[in-house]
Amino acid sequence: MSKTACIPVIAAALCVLGFGSTGAVAQDGGSGLPEWLQKELDREVKRRGKSRSVELFDGMLSSTVKAKEKIESVAYDWGEGFLVNFGSKNTPAECYAYDGDSNSATLLSNIAEVGIQNVLEANGASLKSRTIQSVIVDHVGAQPIMALEWFLIIEKAEGEQLAAQTKAAVAVIDKTSVACIHTEMGYSKSFLQMFVEFVENASTSTDDISPYYQELYLVQLNDQAVGFAKMDYVRDEEGDSRIVSVESSAFAADRSTLSTSDGYSYEWSTPQGGLINAYSANVENGELTMQLDLSRDENDIWGVKGNIQGKEYATELPDVSTIESGLRQIQTVRDVIGDAERTEGDLIAWIPDADPAALTRVTFNQDEDNMSGTLSLGPLVMKTKIAGDGTISEMASDLGGMTMTMTRVWSEGEVPPIE
Amino acid sequence: MSKRLAVLMALMLLPVAVPALEDQGLYLHVIPVDVLEREDDQDATLRLFIDNPEAVAATLTAKGMAVVASDTDSLTVSLKNARQTFSGQPDDWLSDTFVIDYSEPSVVDMLASDAWQNDAQPLPIEAMEDGVFDWISDKTYARNFDFASTVARTRSGDCTEHAVLLAAAARASGKPARVVLGLMLVDGESPFVYGHAWTEVWADGEWQLLDATKPEAYADAEALYYIPTGLLENESPSYAMSLFSLTLTFPARVELSR
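Residue numbers (the working numbering), protein chains in the order written: chain A, 1 to 419; chain B, 1 to 258.
Keep in mind the hints are simulated off the structure, nothing from the lab.
For clarity, every value in this text was computed on a predicted model and none was experimentally measured.
Where is the CB? At the ideal position from N, CA and C, for every residue including glycine.
Hints are supplied without guarantee of correctness; some may be wrong.
In silico SDA-like cross-links for lysine to any residue, where the CA-CA straight-line distance does not exceed 25 Å [as the list claims (entries may be wrong)]:
no.	chain 1	residue 1	chain 2	residue 2
1	A	K311	B	D92
2	A	K305	B	K80
3	A	K305	B	N234
4	A	K305	B	S242
5	A	K383	B	T154
6	B	K80	B	G205
7	A	K311	B	T154
Far from chain B, some chain A residues (derived; all Cβ distances over 12 Å) [what the hints assert, rightly or not]:
no.	residue
8	K70
9	L83
10	S190
11	L258
12	W268
13	Q309
Facing chain B, a subset of chain A residues (Cβ under 10 Å, in silico) [said to hold, decoys possible]:
no.	residue
14	D58
15	G59
16	M60
17	S62
18	V234
19	T260
20	I301
21	G303
22	K305
23	T360
24	N365
25	Q366
26	V381
27	D398
28	G401
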């Protein structure tokens with residue numbers, strides 16, 4: 001990534017005597033930080049000024065955001081960028097836009113690393129220690145956002161230690177990813193408000209076929225949001241559906257390690273819910289860990305081909321005539337809740353994260369209250385809530401004293417019933 | 001509805017324990033422990049509150065575990081043996097598999113490196129334990145569940161990565177080895193339990209428990225107890241389902257009688 005647009009940022013010239021690199025850092029006060037350092041971290045700015053417009057990719061993505069100065073655009077080989085002076089004392093936020101909607105967690109991690117490198121280069125310093133202050137996963141309407149804050153101790157050549165901070169935020173806006181960084185100490189809320197404002201006001205224009213159904217889920221471990229999943233359902237001229245799923249998660253694996261995971265998958269489905277072919281890829285901590293294609297050959301044999309953790313992998317699936325798609329899964333639940341005589345429905349699906357080499361039986365068991373039940377993927381059992389249109393709006397699973405919840409936070413359009 | 005993230009999150013909830021990490025107390029998923037006073041003539045026990053306790057008890061008993069009681073919401077295991085191993089013959093645990101892939105170049109290169117050379121050849125199993133601890137220089141919870149070849153290459157991971165790589169090293173030297181998942185009870189003034197993974201290696205005619213994470217690093221631990229609750233029996237590309245099954249034996253809370 002080019003750094004030609006990066007503005008050197010002087011890290012707050014704060015002596016960190018008495019503040020060890022292993023000291024606890026929390027976002028609230030009372031963390032044991034010296035008062036003057038906490039004051040620097042806590043400073044914010046009132047969001048004033050004119051709403052200024054930003055246009056990217058020849059107007060394919062545009063937005064407005066309050067800024068003290070005109071927003072300066074910069075073009076790169078790999079995308080476009082802009083600088084926003086949102087009112088912090090010395091440093092604007094640097095933002096970049098990329099054509100593509102996947103790998104948000106990897107992008108968040110990487111863009112934060114750019115911010116850290118900017119801080120080090122601007123100060124001629126090396127990194128002494130880093131601490132994750134916060135990881136946020138949320139959404140603004142249809143757009144998922146992720147944000148990350150690193151607290152840094154850097155050391156100059158002469159041995160002077162300084163405290164510094166890098167904040168990063170990433171959003172998926174339609175088919176474009178936007179990432180911003182800010183490297184001045186403090187302004188955490190102000191930076192995030194600026195970013196959210198940009199996302200809220202964003203509009204896109206594209207020649208792509210509009211999805212007939214879209215949904216966005218947030219994933220929580222206990223009470224902490226750690227990821228999102230967004231699904232688009234698009235129909236082609238022949239009536240077949242393409243279901244694209246983009247998923248990302250990020251959480252602090254320990255105080256100085258961010259764990260990231262991104263997934264991109266699609267499946268083509270017949271109007272009746274039969275699978276035509278599928279693709280699935282995962283990136284974990286920035287490394288491609290799985291990439292698999294599922295297709296049927298001329299003899300109607302289903303085959304899986306790709307690689308897992310760097311190893312070539314190919315296999316034939318058991319002799320089945322039909323594998324069922326996500327469309328059929330929705331219909332299976334609808335069939336059960338719409339039939340007073342039935343309490344259970346099942347189907348066989350290809351879920352490569354659970355088992356790339358075999359088909360997984362997915363079973364839905366309806367509860368007595370009609371609009372809830374359990375969804376079982378082999379030994380993984382999840383409690384589900386069913387929305388009025390028969391789609392699953394929430395899944396929750398208890399494992400070892402922890403609870404994982406996936407909650408639908410936004411949807412648009414509808415999935416027509418399969419006749 | 002995305003099933004991938006559900007699967008991924010389930011993998012994240014697998015035992016992740018790297019006692020060598022300085023920040024263990026903040027990030028380790030610790031299972032709550034209620035401490036009870038035991039009868040004088042009774043062994044210390046650990047009561048696990050889990051789903052399907054009777055079925056799990058039957059499975060564990062068949063594998064040689066000392067299950068002393070089970071009812072509708074819990075099962076109780078004896079702590080008489082602090083390093084209990086599962087029973088079973090060694091024949092099935094020597095293969096080069098998709099998960100324990102010791103013939104992959106990264107594992108072969110690791111075993112041929114200077115760090116693994118030793119005057120005593122074949123390498124004693126205790127030296128293998130040390131070798132894996134040293135090889136995995138990046139002790140982190142950031143990995144999900146890596147194969148031996150990935151661990152040998154990245155030199156990164158938590159307890160599952162340590163267990164998998166040690167099993168591969170042992171098998172490469174002709175010793176049957178298997179990955180065990182279970183609970184670690186760190187007994188002391190404030191006892192705690194967490195999900196853990198370790199390795200059993202067949203040596204001197206019996207299964208021996210090895211833990212390449214070296215949990216004895218806990219300075220204030222009076223005693224460590226390994227409570228095995230399942231074996232990684234499926235080492236094929238379908239391994240994830242085997243891992244999920246093992247998560248069902250992880251309790252929401254435990255009672256320690258001592």
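Evaluation of the provided hints:
no. : hint             : verdict
1   : K311/A to D92/B  : 24 Å, holds
2   : K305/A to K80/B  : 49 Å, violated
3   : K305/A to N234/B : 21 Å, holds
4   : K305/A to S242/B : 22 Å, holds
5   : K383/A to T154/B : 36 Å, violated
6   : K80/B to G205/B  : 22 Å, holds
7   : K311/A to T154/B : 15 Å, holds
8   : K70              : 41 Å, holds
9   : L83              : 32 Å, holds
10  : S190             : 28 Å, holds
11  : L258             : 8 Å, violated
12  : W268             : 17 Å, holds
13  : Q309             : 5 Å, violated
14  : D58              : 33 Å, violated
15  : G59              : 32 Å, violated
16  : M60              : 27 Å, violated
17  : S62              : 30 Å, violated
18  : V234             : 16 Å, violated
19  : T260             : 8 Å, holds
20  : I301             : 18 Å, violated
21  : G303             : 14 Å, violated
22  : K305             : 12 Å, violated
23  : T360             : 8 Å, holds
24  : N365             : 15 Å, violated
25  : Q366             : 16 Å, violated
26  : V381             : 9 Å, holds
27  : D398             : 7 Å, holds
28  : G401             : 4 Å, holds
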